[in-house]
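2 protein chains.
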Amino acid sequence: MKTENIAGTTVLRPPVTVTPRKDLRNWLIGRPLSTADAPHQTIGKAIGLAVFASDALSSTAYATQEIMFILAVAGTGALGYTFPIAMAIVALMAIVSISYEQTIHAYPGGGGAYIVARDNLGELPAQAAGAALLTDYVLTVAVSISSGVAQIVSAFPTLADYKVEIAVSLVAFVMLINLRGVKESGAAFAIPTYFFVVAMFITVGVGLFRLANGSLGIVANPPEMMIEQLGVAVTPFLLLHAFSSGTAALTGIEAISNGITAFKEPRSKNAGITLIWMASILGTLFLGISLIAGKIHAVPSEHETVVSQIARTIYGGQGFAYLAVIAGTAVILIMAANTAFADFPRLGALQANDGFLPRQLTFRGSRLVYSRGIVVLAGLASLLIVLFQASVNRLIPLYAIGVFLSFTLSQSGMARRWWKSGHLKPGLEITEPGSILKFDKSWKFKMVVNGFGAVCTFIVMIVFAITKFQDGAWVIVFLIPSLIVIFIAIHRHYKNLANTLSLSNYQSYQRIQRHRVIVLLGGVHRGSLKALTYARSLSSDVTAVHVSIDPVESEKIRDKWSTFGEGVRLVILESPYRLLVEPVMEYIENISSTTQAHEMITVVVPQFITKQWWGNFLHNQTALLLRFGLLFKPRVVIVEVPYQV
Amino acid sequence: MKTENIAGTTVLRPPVTVTPRKDLRNWLIGRPLSTADAPHQTIGKAIGLAVFASDALSSTAYATQEIMFILAVAGTGALGYTFPIAMAIVALMAIVSISYEQTIHAYPGGGGAYIVARDNLGELPAQAAGAALLTDYVLTVAVSISSGVAQIVSAFPTLADYKVEIAVSLVAFVMLINLRGVKESGAAFAIPTYFFVVAMFITVGVGLFRLANGSLGIVANPPEMMIEQLGVAVTPFLLLHAFSSGTAALTGIEAISNGITAFKEPRSKNAGITLIWMASILGTLFLGISLIAGKIHAVPSEHETVVSQIARTIYGGQGFAYLAVIAGTAVILIMAANTAFADFPRLGALQANDGFLPRQLTFRGSRLVYSRGIVVLAGLASLLIVLFQASVNRLIPLYAIGVFLSFTLSQSGMARRWWKSGHLKPGLEITEPGSILKFDKSWKFKMVVNGFGAVCTFIVMIVFAITKFQDGAWVIVFLIPSLIVIFIAIHRHYKNLANTLSLSNYQSYQRIQRHRVIVLLGGVHRGSLKALTYARSLSSDVTAVHVSIDPVESEKIRDKWSTFGEGVRLVILESPYRLLVEPVMEYIENISSTTQAHEMITVVVPQFITKQWWGNFLHNQTALLLRFGLLFKPRVVIVEVPYQV
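Chains as they are written, first to last, in this note's numbering: chain A, 155 to 799; chain B, 155 to 799.
No lab work stands behind these hints: they were computed from the structure. Hints are all accurate, no fakes.
Copies of the same chain look alike in the list, so a pair counts if it fits in one copy or across any two.
Listed below are the simulated DSSO-like cross-link pairs for lysine-lysine, each with C-alpha atoms no more than 27 Å apart in a straight line:
hint	residue 1	residue 2
1	LYS649	LYS714
2	LYS579	LYS598
3	LYS787	LYS765
4	LYS765	LYS649
5	LYS574	LYS592
6	LYS649	LYS710
7	LYS649	LYS684
8	LYS418	LYS592
Computed from a predicted model, the values in this text were never measured in an experiment.
With the hints as extra help, turn the sequences into a complete structure.
And the structure:
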């Protein structure tokens, strides 16, 4: 321990080579990292794509089949609408991508929906964006992991009974990895992402080639569909419903705008190009998969994914190529969950720092990650997986509505920002943390682009909420406003606390004029006499109090006290209902109501502490119970005097 | 509150009309009872039979079918051995009953196996009896409730999927009743017990009558047996195995010997006669049921109980008479569980009072019952029911081995006692709590009776352990010794504690010569200044300590402290790993290692307390964490100074 003296204050610095304890936790998540260890590395476009694209790209694994699930209600004939709907979604994707590309340039310090809404729209929209995003990160984990497990189960149907267990274990696994701390710069991300991209491009390419030369058949032994084919007509509502399901393909497209600082300079330019690449790959794969799914008569099913049906039809069986596609898809889905594990704790810490979430979320754990946020996310996602039995099809109606709310808020915020920047004097710059607001001569065009994006995503959100309301979207429609209310209540709590604690107008008039001390006696023995010694060192006004349940016992205590009590007065509280804590509370209440303003009451409780941990279960934890009762009383303090046995 | 002064001590007595709080707990289990309310009523033989016989009599509901379950492995032909085995069990029952009748006379204060073993055999056998009995009470609840549910399911097969849920709800229901406190003297017990006895006697009577005149057929649509009929030979091992299963019929026969004090005077005589009645009824019904079960070709099954098959065959369908038998059987089985709820907490309190179980078990709750024991029993029994899916057939191998161990210990103890009494001088009496040991001229005969009983039950126990070892009895064979080890460890703990705390050779040399106080600062505000005021009232040696995670924050604190710190020295602990508790622990360890023998360190922790309960989740509970770390250090005391916001 190094000691230093700065302006009269002693500062103690631990030696640099602190050896951290070796325990289970360290074995699981690695040795603690010092604050000084925080890494700062930047990445190029190719790695950047791998790091940030897994969430977006992985949605190709389920978006097509979710469109088909809805259409199938109107009979297999209606599945022909899959491809046109996919085209509409890709058009929406293009609008959103172009809109976000502008955000990246405006917010080189990272422009998630929460920050953009907070800077440009105000507190309430920012909290709405926060609520929407946190909800959606939880759903990203649940949906991605469930879909990953569905791929695995497609290839190995015997595992079907253990879907939920496998999914929860995978969540725990990703949680552990994140508690260790993932270096986002790791090239480890690049391999599976590019493997997936290449495998899918080859699959779609081979599929289109075989389609062209007519050698591509239809799915052999298609899985059971398990959907009631009501034979209803194909209504506009049904098409919008299917469209809503498919918009899950857009989730994750905003990931790059959150992580701009990870890119090499010129940051904004690199991040923007990466975003365009990502959107192009995503759109192409999604269209390709949707086209082929229709041609080979794939069916939506809980037993086998559409990706699995496509792969085994194109490769003519479940050989090596098939398994490579399934493995690649499963891995990228798990990595998509990993993205949410990076974003949820970061956003939580941001909101906590603004005072809208518990402060504890800003605390970085031993590995420099926001460990509490990571654990909360894993817990909530596991709960969802158990509740929905790891069924992607049942989770999807809850998903994406939050994403579209955050898209809308982010783009509205940007539109507002361009309007503001257009009204600045040229040359004037307003510096904000992470961004600079200055006049931009093409502000009108940019405002229209972001504004149009906002309008589109807003409409989609409304369509989504209406068409999927009954399927489960109602949960989110009620949840997000409730979360906003909670966030605001938390904020008010912290604000009130800060006011109450504030030292402005503080006058140090506080003096304790009388200090009464009460020693609780369970019996008269070395432990209680130690407590008595301590009590007498605090004040000369000491009273010993015994709660009497058994009159014989009380008599013994009275006798012993006359020998060992050092003349301190003894009060016996009779307890006809055999309660321990309540009579003490009542007694203290009685005497404290007659106290003056500057009087303190200290309650001293002797507590045996045994060497073996289990020994403590053999004693009443009276002190702990009293603590919860008396904490709420002003001017009463509880002291446990431990007596080590 | 009445105040009184006895020999210099103030005694506070609450007014007689304390109005207890009205809350959920009171609504569920009734208003608290004062210690003075403890009832003392006694009962006659007829009510006594009803109160104490339900456990024993209820075993007729499953004992026969458990014999058949084992025999069925050798094919349905082997079921013919059911009746001879039942006769052997009834013979054993007669021996045990006669033996216990003697115990009742020797222990008019109540002579459970634990007391008898403790008084006559010593500590270890007593703890063995305690372990065996506690284990068996848990099993009594699990088996009786499961069998009760099996009866219900026999009549209403649609409920079969909810067996476990129904069983656990019934356990919770019986637990609530017992937390309220059951008046054992209640005539409420008499109605269902006598209803069951009468219904069963009528059923067996009608059955024998129809058997005699040849009108009794065989079971129509017998349930699926679900037993692999291996066609093995009927070996002596198989017969002993079946016999072991049937000995479950003896469980509960000791109940009266535990509860002698509940009887009217002459207590022992009344209790003894009741025991003989009970054994006679039990034996008759068991033989009748076993005979009829064979004649009508009843089959053992998880789907329908043998009692149900007998009743519907005798009454020719599932009419009113059938339902009455099923209902009576189900109710008496639930009442059998109730018996265990009376005995388990009482024995637990007895052992706890002797220091072999946690002292908390001696605490009587608001309704004057040993509520903790009741809750523990309900929890363990529910766990068993869930683990064994409420299957009587799977629980039975664990059952009865403990009963026979306690029978053996109790009767050996009695034999030993007679031997002792035979060697006393005539006229000399040794008074023990609950019994008087004096010369008895027929001591040799009585010793032989109890000794023979002990030998018989010992042999049965060994047979049971061997034949059922693989089926599950191994659990108990390992569990009981483990429990004994735990009991003895607990006893050693309490003995050591008493020695350490003992005031013999105590000299009041303890003086605190130096009292250092440390105030932990999270920030400088009204809360921490209140803590500072308090700290300064304790000692003049005060140090403020701040754990620094963020250097900027620490700088602010140092500034503010120079204004508000009242000149108290400030120490800043740098925490590169962002830990809060550990640096404080380390600092205290450093300074406490250099302290003199008579120095105390008090750590004062300011703690915000918010009005809304949820507010407290928004703050680090540093004090609570420190408490668990520092409790184990001698001469260190933690004080939380609450600051109500």
